[in-house]
Amino acid sequence: MQTTQSTTTSSAAKMKWSAQDTTWMLSLFGTAVGAGILFLPINAGLNGFWPLVALALLVGPMTYFAHRGLARFVLSSKKPGSDITEVVEEHFGATAGKLITLLYFFAIYPIVLIYGVGITNTVDSFMVNQLGMESIPRAVLSIVLILGMMSVMLAGEKLMLKVTQFLVYPLVAILLFMSIYLIPDWNTSALQQIPTAGDFMTTIWISIPVLVFAFNHSPAISAFSMAQTREYGDNAERKSNQILFRTAGMLLGFVMLFVFSCVLSLTPADLAEAKAQNLAVLSYLANKHESPFISYLGPIVAFVAIVSSFFGHYMGAREGLNGLIIKQLRSRNKTVNLKKIDMFTVAFVIITSWIVATINPSILGMIESLGGPIIATILFIMPMYAIKKVPAMNKYGGKASNIFVTFMGMVAISAIMYGFVS
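The working numbering puts the first residue of the sequence shown at 13, with every later residue one more than the last.
Among these hints, one or two may not hold up.
Subject to a maximum C-alpha distance of 25 Å in a straight line, what follows is the list of computed DMTMM-like cross-link-like pairs (lysine to aspartate or glutamate) [claimed, not checked]:
hint : residue 1 : residue 2
1    : K90       : E102
2    : K401      : D211
3    : K400      : E169
4    : K170      : E249
5    : K400      : E102
6    : K170      : D246
7    : K91       : E249
8    : K91       : E102
9    : K407      : E169
10   : K91       : D211
11   : K352      : E146
12   : K352      : D197
13   : K351      : E169
Beta-carbon label-pair distances, calculated as ranges [claimed, not checked]:
hint : residue 1 : residue 2 : range
14   : I148      : A209      : 24 to 32 Å
15   : N299      : P403      : 53 to 61 Å
16   : E302      : P373      : 47 to 55 Å
17   : A151      : K346      : 30 to 38 Å
18   : I371      : G105      : 35 to 43 Å
19   : F189      : A209      : 47 to 55 Å
20   : T208      : L350      : 28 to 36 Å
21   : R150      : M355      : 20 to 28 Å
22   : P403      : T34       : 32 to 40 Å
23   : K346      : I148      : 40 to 48 Å
24   : A108      : K170      : 29 to 37 Å
25   : S343      : Y397      : 21 to 29 Å
26   : S343      : G265      : 40 to 48 Å
For the record, the hints were derived by calculation from the structure and aren't laboratory data. Think of the CB as a built atom: it goes at the ideal place given N, C-alpha and C, for glycine as much as any other residue.
Taking the hints into account, I'd like the entire structure generated from these sequences.
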């Protein structure tokens, strides 16, 4: 009796919220809040206030249930400590494992390249427009910034989590401050725009992929799940659910407050103009109000958002590329040297990110669009398929949340495809 009681007490103590849990919550939040948040108010609020209310009600459950499903998938392995590429092969076989790992890599890797371009553009613009400096040669500036971000990743998971925590606190504070700062400019024009039923449903449909991108932290879920296994063992799933629930709540609270505040402080015509100019919302607000405060704050928000999101996406890209190389070597019965593979991956990411950031091509938007359906498939569809087909996942079957996640995944994929062909 005493042993049972002490075991229960020990289990309860392990489930208490810790500083490490907070750090992971902030890291997942930082992975999600990338540069996309700066365009989310424009894309999601373009057709008025009321579709935005419906999207706010959908995005919380979408974010939590989808990421919980992916974390459960990673944790379902018979071999503790397996990353997502190994779990895919374990459950679906070697051929399917290679294909899904390839798709996983190509869904995340282009976003790493996009952040390399984004950080270079943001810092260059800030130096020229706010600080009055001359531009540093793009090849020099981009390599310095990319090496700076990569050095944090190479220093290890603990330092990365600490740096992310250091970055995310001011990001949260700035988002909250900006949301409140804009309140005096709120107007009722967005509330007066009442869409037809058809326009209302179409707006929600085409906005779902925007929300998936803005709230997506799937690239960090594999590393996050493995960390919970190391720390909590048999309690890893319960702890993962706890952290993911709070992450989704944090994203919903801070991001949607920011979105609502931006939409209410601008008119539908303003949002249409910002979209036509391809401007981030803070840049448009700075131009509209001629506010030096926002013009300085905007690039800082963009910088912090890009750096914090880069870390999570790099973890996913590294897993994908390492997984591809390991599977290829094993299929040829060759020795797997993890240290050499890691070194190759680091060099590959640095060199390719530097080349793309230096060239600054406009094709990156299209690459991101192509990656969208793959992200939605891996995040929403694959875990739900695994619940039906994988014995270790069967215990999660029969839940209404599974139907909801599958449906929203199909909606996201169809809307991204519609946006790509239209």
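Now for the hints, and whether the structure bears them out:
Simply put, K90 and E102 have alpha-carbon atoms about 9 Å apart, close enough for the 25 Å limit, and the pair holds. Distance restraint check for K401 and D211: the Cα-Cα separation of roughly 38 Å exceeds the 25 Å cut-off, and the hinted pair is therefore not satisfied. Simply put, K400 and E169 have alpha-carbon atoms about 34 Å apart, too far for the 25 Å limit, and the pair is violated. Restraint check for K170 and E249: the C-alpha separation of about 21 Å stays at or below 25 Å, so the hint holds.
Between the alpha carbons of K400 and E102 the distance comes to roughly 16 Å, so the proposed pair stays at or under 25 Å and holds. The straight-line distance between the Cα atoms of K170 and D246 is roughly 22 Å, inside the 25 Å bound, and the hint therefore holds. Note on K91 and E249: the hinted pairing holds, with a Cα-Cα distance of about 15 Å set against a maximum of 25 Å. Among the hinted pairs, K91 with E102 is consistent with the structure: their alpha-carbon atoms are about 9 Å apart, no more than 25 Å.
In summary, the hint linking K407 to E169 is not supported, as the alpha carbons are separated by about 32 Å, beyond the 25 Å threshold. Of the pairs offered as hints, the one joining K91 and D211 is violated, with about 49 Å between alpha carbons and a cut-off of 25 Å exceeded. With a C-alpha separation of about 40 Å, the suggested pair K352 and E146 falls outside the 25 Å cut-off, and the hint is violated. Under the criterion of a C-alpha separation no larger than 25 Å, the hint pairing K352 with D197 is inconsistent with the structure, at around 56 Å.
Distance check on the hinted pair: K351 and E169 sit about 16 Å apart at the alpha-carbon level, within 25 Å; holds. Between I148 and A209 the beta carbons are some 53 Å apart, a value that contradicts the proposed interval 24 to 32 Å. In this structure, N299 and P403 meet the distance hint of 53 to 61 Å, their C-beta atoms being roughly 57 Å apart. Distance hint for E302 and P373: a CB-CB separation of about 32 Å, inconsistent with the stated range 47 to 55 Å.
Checked against the hint of 30 to 38 Å, the C-beta distance between A151 and K346 comes to roughly 36 Å, which is consistent with it. At roughly 39 Å, the beta-carbon separation of I371 and G105 lies within the given 35 to 43 Å, and the hint holds. A hinted range of 47 to 55 Å for the beta carbons of F189 and A209 is inconsistent with their spacing of about 37 Å. Judged by the Cβ atoms, the range 28 to 36 Å given for T208 and L350 is violated: they are separated by roughly 57 Å.
Judged by the Cβ atoms, the range 20 to 28 Å given for R150 and M355 holds: they are separated by roughly 27 Å. Separated by about 35 Å at the C-beta atoms, P403 and T34 satisfy the suggested range of 32 to 40 Å. Range check, K346 to I148: Cβ separation about 43 Å, and the 40 to 48 Å hint holds. For the pair A108 and K170, the supplied restraint of 29 to 37 Å holds, since their beta-carbon distance comes to about 34 Å.
Separation of S343 from Y397 is about 24 Å and conforms to the stated range, judged on CB atoms against 21 to 29 Å. The hint said 40 to 48 Å for the Cβ distance between S343 and G265, and at roughly 46 Å that hint holds.
Of the hints listed earlier, those the structure fails to meet are numbers 2, 3, 9, 10, 11, 12, 14, 16, 19 and 20, in rising order.
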